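Protein chains in written order, with UniProt numbering: chain A, 1 to 530; chain B, 1 to 305; chain C, 1 to 335.
No lab work stands behind these hints, which were simulated from the structure alone. Everything numeric in this text was worked out from a predicted model, so none of it was measured. Note that CB positions come from ideal geometry on N, CA and C, so glycine has one too. Treat the hints with care, since some could be wrong.
Computed list of lysine-lysine pairs in BS3-like fashion (alpha-carbon distance at most 25 Å, straight line) [as the list claims (entries may be wrong)]:
1. A:419 / A:466
2. A:24 / C:176
3. A:316 / B:80
4. A:66 / A:234
5. A:202 / A:302
6. A:316 / A:153
7. C:191 / A:24
8. A:466 / A:417
9. A:153 / A:95
10. C:176 / A:202
11. A:401 / A:357
12. A:508 / A:279
Just so you have them, the derived chain B footprint on chain C, three or more residues with Cβ under 8 Å [unchecked claim]:
13. 2-9
14. 23-33
15. 142-151
Residues per chain are reported as follows:
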Amino acid sequence: MKKKLTFAAALLAASVIGGMANAKQLVYCSEAAPAGFDPSPWSGGNDFDASSRTIYSRLVEFEHGKTTISPGLAESWTVSDDGLEYTFKLRPGVKFQTTDYFTPTRDLNADDVIFSFERQWKKENPWYSYLEGTGWEYFTGMGFPDLLKEIVKVDDLTVKFVLNKPEVAFLPDLGMDFASIVSKEYADQLDKAGTRQQFTQKPIGTGPFQFVDYQVDAVVRYAAWDGYYGGRQKIDDLIFAITTDPAVRAQKLKAGECDIMSYPAPADIAGLQADTNLKVDEQEGLNIGYLAYNTTMPPFDKVEVRKALNMAVNKKAIIDAVYQGAGQPATNPIPPTMWSYNKDIKDDPYDPEAAKKTLADAGVKDLSMKIWAMPVSRPYNPNAQRVAEMIQADYAAVGVKAEIVSYEWTEYRERGKQKDRDGAFQLGWTGDNGDPDNFLFLLGCDAIGQSNYAIWCNKEFEDLLKKGKATTDVAERTKIYEEAQVVFKREAPWLTIAHSKVFMPMNKRVSGFVMDPLGIHRFDGVDVTE
Amino acid sequence: MTDQSAAEATAASVQPGGRQRAFAEFWHYYSMNTGAVIGLVVFALLVLVAIFAPLVAPHSPDEQFRDALLAPPAWQEGGKSMFLLGTDAVGRDMLSRLIFGARFSLFIGLVVVVFSLTSGIILGVLAGYFRGWVDTLIMRVMDIILAFPSLLLALVLVAILGPGLFNAMLAIALVLQPHFARLTRAAVMAEKNREYVVSAKVAGASHIRLMLVTILPNCVAPLIVQATLSFSNAILEAAALGFLGVGAQPPTPEWGTMLASAREFILRAPWVVTFPGLAILITVLAINLIGDGLRDAFDPKLKRS
Amino acid sequence: MLRYLLHKLALIVPTVFGISLAAFAFVRLLPGDPILALAGERGVSPERYAQLLEQFGYNRPYVIQYLEYIGRVLTGDFGISIATKRPVLGEFQALFPATLELATIALIIAVLLGIPAGIFAAIKRGSWFDQATMGVALTGYSMPIFWWGLLLIIFFSGYLGWTPVSGRIGLQYFFKPTTGFMLIDSLISGKSGAFRSAASHLVLPAIVLATIPLAVIARQTRSAMLEVLGEDYVRTARAKGLAPRRVIGLHAFRNALIPVVTTIGLQVGTLMAGAILTETIFSWPGIGKWMIDAIGKRDYVVVQSGLLIIALIVMAVNLIVDVLYAVINPRIRVQ
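Please model the complete structure; the sequences and the hints are all you need to start from.
Structure, rendered in structure tokens:
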């Protein structure tokens, strides 16, 4: 214990050499404690921020603030003509982090890459089940077990991935968090010591920051990794101060207790913008918040009824009251920043009179229904309960009685998936790559019982979806998806509520932070002035 | 035998007059306590407001004035006289919601006290009267309930039953009920061997009659004080559960729930957070003042000095 | 004395058994599904679901699950958190000092202010001091502390900027925990300003948590003192011409102490319940917040073992209070 203490002190001292006493420190008020520091078993954005984006790197990396990829640990790659073989040339001389608990004896090589994937893939790998109940849900969710045929070590610095079928998105997939590269040497060392658990508690990677300390549910400390292949960071210490309440985060930012924060509450944004010490970066979110009707249950199986209910809702008022203006009314199921967004589509107008008339024409009288409200705040819908209250009031104005229901978060989603679900269901989606299919698949026939909460299977839409996936030409795909949006709006399986804006308030002394469209918080390249 | 019955009969016939006198004496002591009287007056006002809420409230508690979101109280700059205490995030009148909220809080207190008092008395009488394994079983279960911090237990129970006002009340009643059981048991044990009980027993009174008619009325004073305390506790706990998001569900104008859903506006619109909290404080304080007054009026020992 | 202690311990055994059964049963009764909670927003395939069910043993009969659970608990294994995969006991040990520190300081505040206030109020019965103190105490007793905490944050952290908003110590101070108590660790670290920083972070949460116990202790001390002051022997002592201070100090206070000690002991449960709210408001990394999060995330293992551990601690403290009570008041032992 004592030895460790002095070691840690030495390490700290080493990291401040040059800056002496005034090490450059950046404090990030994060929204939740990371479950662990292994980048692959978990799927929360806060887990990624604390592990994959700080400590680790990947074969390919998303460019800062974009969804396009650039070389990472792989300097270059070649793809076979049939699209089944990807051969990566690894960057030579990449160093794993040296800490008080691990000193690497070799640089990154093909073994590390193979290990990083096989531990999530092959059940016979001893690391497959090193954490009780690890699902490797992301790896599985992205279809890698079916996609990968084998990973071959050609030489120390060359790895070949062989696929079972061509996959257009394979390279971007390798830039995702679960595909982070871990150290096989470290794993072997822990194996020998019988302390595999430590792999997720004391992480080792090749990323810009190295792990220093974690006080459960309170503080994570990192230091700049001197040997980072991309060059040493300008800040010396990176600190995550875990603060779950958004109002407290905002207070801490104002009080100078942190330099930058994630997910401010919409209510606080105006106050943060007014603070002269702060600046608030903003970006259109790659998301959609919606209300899905159960299109198989009468009377919601009728398009007119769905259209009428859409017309009954005053979206503008919802944007004002719930999103506090930090969002825009949604028309299409994909956000406007996405390519292939169809600008020509007109939203259903807010017109209670017309709604009343349409309902009457459709023979619907004294309709009473349920509105489901998520129990949690999400970026695409900061307060579903309040949205439900407002929709409830709007419905009442056209003679529809609504009851608000809510369940615990996992139960909510489970119940929502049921084909005989009673009522309209609020949810949303945040994109995890820049592709329109990543949004439109939510409404596919295959997704019924999974992510298709409208239980909507439309042949025309489904055909377009399939066609889009099989096409590689972007211009052609754009046309296909534009048409799919027309079908969507005509059939109205959802009330498209809003695309929210994402805000990143920070102290003015912070520079170089780039907001990421996928909602990741990256601190490489960030600097602070004293 | 006949003597005994006669004695019982006279005791019974004397009682009404004795009760009146006892009440007069009680009221005399109670009314000397200024705080207790204030508490009673405030509480009576709250009850009236709750009963006549639709008449008293300027607006419907659910009506959303979309053009007046987060309007400040009338006396502040930008306030409107139409919304005396301002409006909340979707433009509902705070005053009206608070007035309707009084209904919920008083209702919660009442239901919880009735639930926990009834079950607590039954269990306590059974335990104290029969002793033996009945007593052991009941009191061990009470010990188990008391070993969990009340709010934590209530939280878990509500998580099991599902969030909502009714389930929250059930959970709180269960958590508060051991206090009644313990109190009743102790009182019953103390009274059980008194002369009047023994004589009634000899006179052939049944178990039930002994428990309910003979013994119980003599344990009433501490139970009333405890009931008052539980009333205010129930309001506080329900508000705490509401604050943690598992009590009454919005848009119900329950005070704790209002506070929880307004928490994000604490800096921008302090009134949406301040008033519900103040309402809880005033109500609970009034009831506790009454409780103190009752205790002092019942307790001869403190009267003396 | 030993017999009394043994008797008390014998009573506790069935209660502990009941507590473990209750904690186990509560968790099985919780709606929702631990496996789905684990899988997160993306869901899980049916095969994987079955596999995880098997792995966690949730498909076995409840009796077997319970016995296995008890068996593991007896060997000190409280299970692995579903969400973080860390041992529950380890998480508890990491977080408990924060709660203990907060609760201890709160209790110290409550005792140091509450007992003198109660004594003076009793001595000066009916004076403005008595009335003011008891008025304040009753208000404190009636306080919704989650609201009180928010008000204090707005005023002291937001408006005046005197105290930090949340956390346990300024982030510039970094040292490995030795005791887990930030006040002590900051002193040991020898860094200038560290203790001050830790204390300033602690003050608001401690005040909020102390509010109700303080009110209860002040009121209880006052009424216990009044009772004792009215007893014959105190009057006699007074009549004999003993100095009032002696009367109060020696005779009255010692006897008044008995119910006050019990009251203080009973505050442990109150403090735990209060810690849930206080920690939530101040983002204090303790076990109250841990339990709330676990209930919200349906981390079944943490809820079950956390309930068990917390209930056992409350019971242990109550036992200690009972014993202390018997030490101060020998009469109780006979019963």
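Hint-by-hint comparison with the structure:
About 23 Å separates the Cα atoms of residue 419 of chain A and residue 466 of chain A, which keeps this hinted pair within 25 Å; it holds. Distance check on the hinted pair: residue 24 of chain A and residue 176 of chain C sit about 21 Å apart at the alpha-carbon level, within 25 Å; holds. Between residue 316 of chain A and residue 80 of chain B the CA atoms are separated by roughly 23 Å; this keeps the pair inside 25 Å, and the hint holds. The suggested pairing of residue 66 of chain A with residue 234 of chain A holds, with an alpha-carbon distance near 22 Å, which does not exceed 25 Å.
Between residue 202 of chain A and residue 302 of chain A, the direct Cα distance comes to roughly 56 Å. Violation of the 25 Å bound is thereby established for this hinted pair. With a C-alpha separation of about 57 Å, the suggested pair residue 316 of chain A and residue 153 of chain A falls outside the 25 Å cut-off, and the hint is violated. A C-alpha spacing of about 19 Å is found between residue 191 of chain C and residue 24 of chain A, which places the hinted pair at or below 25 Å, so the restraint holds. About 22 Å separates the Cα atoms of residue 466 of chain A and residue 417 of chain A, which keeps this hinted pair within 25 Å; it holds.
Taken as a hint, the residue 153 of chain A and residue 95 of chain A pair is honoured in the structure, with Cα atoms around 19 Å apart against an allowance of 25 Å. Note on residue 176 of chain C and residue 202 of chain A: the hinted pairing holds, with a Cα-Cα distance of about 15 Å set against a maximum of 25 Å. Proximity of residue 401 of chain A to residue 357 of chain A is assessed by CA-CA distance (about 16 Å); at most 25 Å being required, the pair is judged to hold. Restraint check for residue 508 of chain A and residue 279 of chain A: satisfied, since their Cα atoms lie roughly 6 Å apart, inside the 25 Å limit.
Coverage of the stretch 2-9 of chain C by chain B is violated [criterion: at least 3 residues with CB-CB distance below 8 Å; count 0]. With 4 residues carrying a beta carbon less than 8 Å from a beta carbon of chain B, the stretch 23-33 of chain C meets the three-residue requirement, and the given coverage holds. With 8 residues having a beta carbon nearer than 8 Å to a beta carbon of chain B, the stretch 142-151 of chain C meets the requirement of three or more and the stated coverage holds.
Going through the hint list in order, the structure does not satisfy hints 5, 6 and 13.
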